[in-house]
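Sequences listed follow chains A and B, in order.
All the letters of the first sequence, read from the start, carry residue numbers 1 to 260 under our numbering.
All the letters of the second sequence, read from the start, carry residue numbers 1 to 383 under our numbering.
Hint data in this document are derived by calculation from the structure and do not stem from the laboratory.
Ideal Cβ positions, reconstructed from N, Cα and C, are used throughout, including at glycine.
Don't take each hint at face value.
[Said to hold, decoys possible] If you want the ones that stay clear, here's a sample from chain B, every Cβ over 12 Å from chain A, calculated:
id : residue
1  : Ser11
2  : Leu107
3  : Ile142
4  : Leu229
5  : Met241
6  : Met320
7  : Arg348
[Said to hold, decoys possible] Distance ranges between label pairs, derived from CB positions:
id : chain 1 : residue 1 : chain 2 : residue 2 : range
8  : B       : Leu106    : A       : Leu116    : 23 to 31 Å
9  : A       : Ile68     : B       : Thr343    : 29 to 37 Å
10 : B       : Ala109    : A       : Glu205    : 40 to 48 Å
11 : B       : Thr100    : A       : Phe120    : 22 to 30 Å
[Claimed, not checked] Here are the simulated DSBU-like cross-link-like pairs (lysine-lysine), alpha carbons at most 30 Å apart as the crow flies:
id : chain 1 : residue 1 : chain 2 : residue 2
12 : B       : Lys242    : A       : Lys53
13 : A       : Lys72     : A       : Lys7
14 : A       : Lys53     : A       : Lys81
15 : A       : Lys53     : A       : Lys7
16 : A       : Lys81     : A       : Lys134
17 : A       : Lys134    : B       : Lys257
18 : A       : Lys142    : B       : Lys242
19 : B       : Lys257    : A       : Lys81
20 : A       : Lys233    : A       : Lys244
21 : A       : Lys245    : B       : Lys372
22 : A       : Lys72     : B       : Lys372
23 : A       : Lys26     : A       : Lys251
24 : B       : Lys257    : A       : Lys239
25 : A       : Lys53     : A       : Lys245
26 : A       : Lys81     : A       : Lys244
27 : A       : Lys72     : A       : Lys233
28 : B       : Lys259    : A       : Lys142
29 : B       : Lys242    : A       : Lys81
30 : A       : Lys53     : B       : Lys257
31 : A       : Lys134    : A       : Lys72
32 : A       : Lys7      : A       : Lys134
33 : A       : Lys245    : A       : Lys72
34 : A       : Lys134    : B       : Lys242
35 : A       : Lys239    : A       : Lys7
36 : A       : Lys72     : A       : Lys26
37 : A       : Lys251    : A       : Lys233
38 : A       : Lys7      : A       : Lys244
39 : A       : Lys142    : A       : Lys7
40 : B       : Lys242    : A       : Lys72
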Amino acid sequence: MVLDVQKLTMDFGGLRAVDHVDLHIKHGEIVALIGPNGAGKTTFFNCVTGMYKPTGGEIGAGRPEAEIQSIKGLRPHLITKHGLARTFQNIRLFPEMTVLENVMLGRDCRLTSGILGAIFRNPRTRAEEEQVVKDSLVILHKIGLENWANEAAMNLPYGAQRRLEIARALATEPFLLLLDEPAAGMNPHETRQLVELIRRLRDEENLSIFLIEHDMSLVMNLSERIYVMDYGKLIASGKPEDVKKDPVVIKAYLGEDVSA
Amino acid sequence: MTQRLNELRRSLLVSLWFMLLTFPIMVIRVNTITGTVRWRWTNLAVIGIGSFFISVVWRYAMQRKAGEAQAVGILSRVGERVGAGTKKIGAVLDIPKVRTRLVGGLLAAAVAYPFLNSMYHTNIMITALTYVVLGLGLNIIIGLGGMLHIGYAAFYAIGAYSYALLNMYFGINFWLALPIGAALAGLFSLLIGLPQLFGIDMRLQQTTVFVYFIMLAVVILTIFVVHRLENSRIGRQWVAMKEDYIACQAMGVSIAKAKLTALGIGAIWGGLVGVIFAARTTFINPASFTVWESVIILSTVVLGGMGSIPGVFVGALVLMLLPEYLRPFAQYRMLIFGALLVTMMVFRPSGFIKKRRKAYTITEAERQSVIKAELEDDGEVEE
Ligand SMILES: Nc1ncnc2c1ncn2[C@@H]1O[C@H](COP(=O)(O)OP(=O)(O)O)[C@@H](O)[C@H]1O
Ligand SMILES: [Mg+2]
Numbered sequence: 001m002v003l004d005v006q007k008l009t010m011d012f013g014g015l016r017a018v019d020h021v022d023l024h025i026k027h028g029e030i031v032a033l034i035g036p037n038g039a040g041k042t043t044f045f046n047c048v049t050g051m052y053k054p055t056g057g058e059i060g061a062g063r064p065e066a067e068i069q070s071i072k073g074l075r076p077h078l079i080t081k082h083g084l085a086r087t088f089q090n091i092r093l094f095p096e097m098t099v100l101e102n103v104m105l106g107r108d109c110r111l112t113s114g115i116l117g118a119i120f121r122n123p124r125t126r127a128e129e130e131q132v133v134k135d136s137l138v139i140l141h142k143i144g145l146e147n148w149a150n151e152a153a154m155n156l157p158y159g160a161q162r163r164l165e166i167a168r169a170l171a172t173e174p175f176l177l178l179l180d181e182p183a184a185g186m187n188p189h190e191t192r193q194l195v196e197l198i199r200r201l202r203d204e205e206n207l208s209i210f211l212i213e214h215d216m217s218l219v220m221n222l223s224e225r226i227y228v229m230d231y232g233k234l235i236a237s238g239k240p241e242d243v244k245k246d247p248v249v250i251k252a253y254l255g256e257d258v259s260a
Numbered sequence: 001m002t003q004r005l006n007e008l009r010r011s012l013l014v015s016l017w018f019m020l021l022t023f024p025i026m027v028i029r030v031n032t033i034t035g036t037v038r039w040r041w042t043n044l045a046v047i048g049i050g051s052f053f054i055s056v057v058w059r060y061a062m063q064r065k066a067g068e069a070q071a072v073g074i075l076s077r078v079g080e081r082v083g084a085g086t087k088k089i090g091a092v093l094d095i096p097k098v099r100t101r102l103v104g105g106l107l108a109a110a111v112a113y114p115f116l117n118s119m120y121h122t123n124i125m126i127t128a129l130t131y132v133v134l135g136l137g138l139n140i141i142i143g144l145g146g147m148l149h150i151g152y153a154a155f156y157a158i159g160a161y162s163y164a165l166l167n168m169y170f171g172i173n174f175w176l177a178l179p180i181g182a183a184l185a186g187l188f189s190l191l192i193g194l195p196q197l198f199g200i201d202m203r204l205q206q207t208t209v210f211v212y213f214i215m216l217a218v219v220i221l222t223i224f225v226v227h228r229l230e231n232s233r234i235g236r237q238w239v240a241m242k243e244d245y246i247a248c249q250a251m252g253v254s255i256a257k258a259k260l261t262a263l264g265i266g267a268i269w270g271g272l273v274g275v276i277f278a279a280r281t282t283f284i285n286p287a288s289f290t291v292w293e294s295v296i297i298l299s300t301v302v303l304g305g306m307g308s309i310p311g312v313f314v315g316a317l318v319l320m321l322l323p324e325y326l327r328p329f330a331q332y333r334m335l336i337f338g339a340l341l342v343t344m345m346v347f348r349p350s351g352f353i354k355k356r357r358k359a360y361t362i363t364e365a366e367r368q369s370v371i372k373a374e375l376e377d378d379g380e381v382e383e
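This is chain A alone, in the form it adopts within the complex (with noise of 0.2 Å):
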């Protein structure tokens, strides 16, 4: 297991976002948590990030080869280092900064030079800088970008963005990725390539993956185990066939565009 969550709780005043859900990811999966607007979906991975502050409950993760420890209430920048790396519903790069740089902030939390190091530039600084320069090449070369690297991330087509967010993210080392809608306005063929990415990246890089998605027939067709929220709560989870099938998922979808 790399993720355990337990009972968690979040309470925004009297709104109750996330209520009591227990949901677990093993090793290599990939898993789905699906729900109408409002759910609490995006709630939940911030919980799990360390964006907002769980108000009950447990979370629990840690590396396949390691033991599972709690990271509920830690700072966001500590999760990332302990292996968990995210993206955004809404793209969040560094509008300015070139593709490679912030795939090289990304490397940041992995760096250890410090300002003494910044200011002489000693070997082992310079060294450092190389190899994040080269690391940061490598991935982006992964993710199909290489082509972009000069060119400031906000100049990039839509689908591009979503997937340097992703590609930022896994310059952070992370054994467990979490993508908040990454297909989220994408056209069809971009949808396909993310789809591929995604399963590339899990048999690749040793990863599992947490995606909220909203498109339901990448959900169906990517995802190995499926949960699914509604008003807060957890009301279904198992296999996509199975939940698919769930007349209390059907009637949770009815109320909302179920284009989607």
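Starting from the structure of chain A, add chain B with the ligands where the hints point.
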């Protein structure tokens, strides 16, 4: 039309608020000797009308600016990138040849300066250079670190006092325990005290030239350090932090640490210059480090161009040298400062010289070699 009226109403409210705020200082005048109170109502009227008009002009300028930005929109962004090579002052500095020549020329002029000019001018220049360093120091905090800091003179003061106290009770250096600037303070106080230490009898003229060169060296050192920091891991953190701090911390950067680093490094320069200032004037008191000092330093950064080294340089020189050479206007300095700052913020918010970040880019050859090495690596694993 209704919008115009709305704007006027807002301006009216602003002026009322100002009248209320300044009422105790500007209207009531207590004469403690005769025990009488004078009500200066004309002052109230002047403030009311004055703030109303300034507010109207300000709002009009802001609106015009917002309108422009909307009209040009995305196009301006593209244009900026394309036209950057020819138009912007900052861009000209990016051309290596221009840069080398300019820096060489400036350096030669700087070295020759004290020999070509009288002590009076050298002294003025020392003060100006002091503010260049202070500006660059504060620039680390606000321009690079993205924090607003209005008490910068405090660091300056700490440096100055640590020197003063070290000097008075040589050996009892508890001020060294002060977190900021004090270690460097000790070092530089020694440097400044060098002539006395070896009993070299310098005449005033020589001392001035000596201090001038120390100041010049500090300026160069500051520029060097800031430049190195900008192009390092921490510089990258600062840029990312300002562009999107939520994404930045989600990518594993400790925002608190990055900000504290900017604050700490910025403060060291304040302390450093404080020491030199104290050594130079041989007399300091709390009045030497008022909010006014902070305001001037902040102005140099804002006017010159936040984050831009040449910008801060120009800003400090302009702000420090102009008043010295335009003595007749000295009493209006505050007014001119204020007007200048407001005008700049409205029409040229990025300062005299806009910061141009040197983005990290790679050449095609570098890219090819890395990718090739990577592919070979993969091949080995598969075989
Ligand atoms: N920071 C916040 N403060 C207050 N309410 C919030 C906050 N974040 C999310 N919410 C609320 O929590 C609920 C779940 O939101 P969210 O997790 O974004 O849903 P989803 O991602 O499933 O669409 C919504 O009702 C939303 O308004
Ligand atoms: Mg969401």
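We went through each hint and held it up to the structure:
no. : hint                              : verdict
1   : Ser11                             : holds (35 Å)
2   : Leu107                            : holds (21 Å)
3   : Ile142                            : holds (18 Å)
4   : Leu229                            : violated (6 Å)
5   : Met241                            : violated (9 Å)
6   : Met320                            : holds (27 Å)
7   : Arg348                            : holds (19 Å)
8   : B:Leu106 <-> A:Leu116: 23 to 31 Å : holds (28 Å)
9   : A:Ile68 <-> B:Thr343: 29 to 37 Å  : violated (60 Å)
10  : B:Ala109 <-> A:Glu205: 40 to 48 Å : violated (57 Å)
11  : B:Thr100 <-> A:Phe120: 22 to 30 Å : holds (23 Å)
12  : B:Lys242 <-> A:Lys53              : holds (23 Å)
13  : A:Lys72 <-> A:Lys7                : holds (12 Å)
14  : A:Lys53 <-> A:Lys81               : holds (17 Å)
15  : A:Lys53 <-> A:Lys7                : holds (14 Å)
16  : A:Lys81 <-> A:Lys134              : holds (20 Å)
17  : A:Lys134 <-> B:Lys257             : holds (26 Å)
18  : A:Lys142 <-> B:Lys242             : holds (28 Å)
19  : B:Lys257 <-> A:Lys81              : holds (15 Å)
20  : A:Lys233 <-> A:Lys244             : holds (18 Å)
21  : A:Lys245 <-> B:Lys372             : violated (49 Å)
22  : A:Lys72 <-> B:Lys372              : violated (42 Å)
23  : A:Lys26 <-> A:Lys251              : holds (29 Å)
24  : B:Lys257 <-> A:Lys239             : violated (44 Å)
25  : A:Lys53 <-> A:Lys245              : violated (35 Å)
26  : A:Lys81 <-> A:Lys244              : violated (36 Å)
27  : A:Lys72 <-> A:Lys233              : holds (19 Å)
28  : B:Lys259 <-> A:Lys142             : violated (33 Å)
29  : B:Lys242 <-> A:Lys81              : holds (21 Å)
30  : A:Lys53 <-> B:Lys257              : holds (20 Å)
31  : A:Lys134 <-> A:Lys72              : violated (34 Å)
32  : A:Lys7 <-> A:Lys134               : violated (42 Å)
33  : A:Lys245 <-> A:Lys72              : violated (34 Å)
34  : A:Lys134 <-> B:Lys242             : holds (25 Å)
35  : A:Lys239 <-> A:Lys7               : holds (21 Å)
36  : A:Lys72 <-> A:Lys26               : holds (19 Å)
37  : A:Lys251 <-> A:Lys233             : holds (14 Å)
38  : A:Lys7 <-> A:Lys244               : holds (24 Å)
39  : A:Lys142 <-> A:Lys7               : violated (37 Å)
40  : B:Lys242 <-> A:Lys72              : holds (27 Å)
Checked against the numbered hints above, the structure breaks hints 4, 5, 9, 10, 21, 22, 24, 25, 26, 28, 31, 32, 33 and 39 and satisfies the rest.
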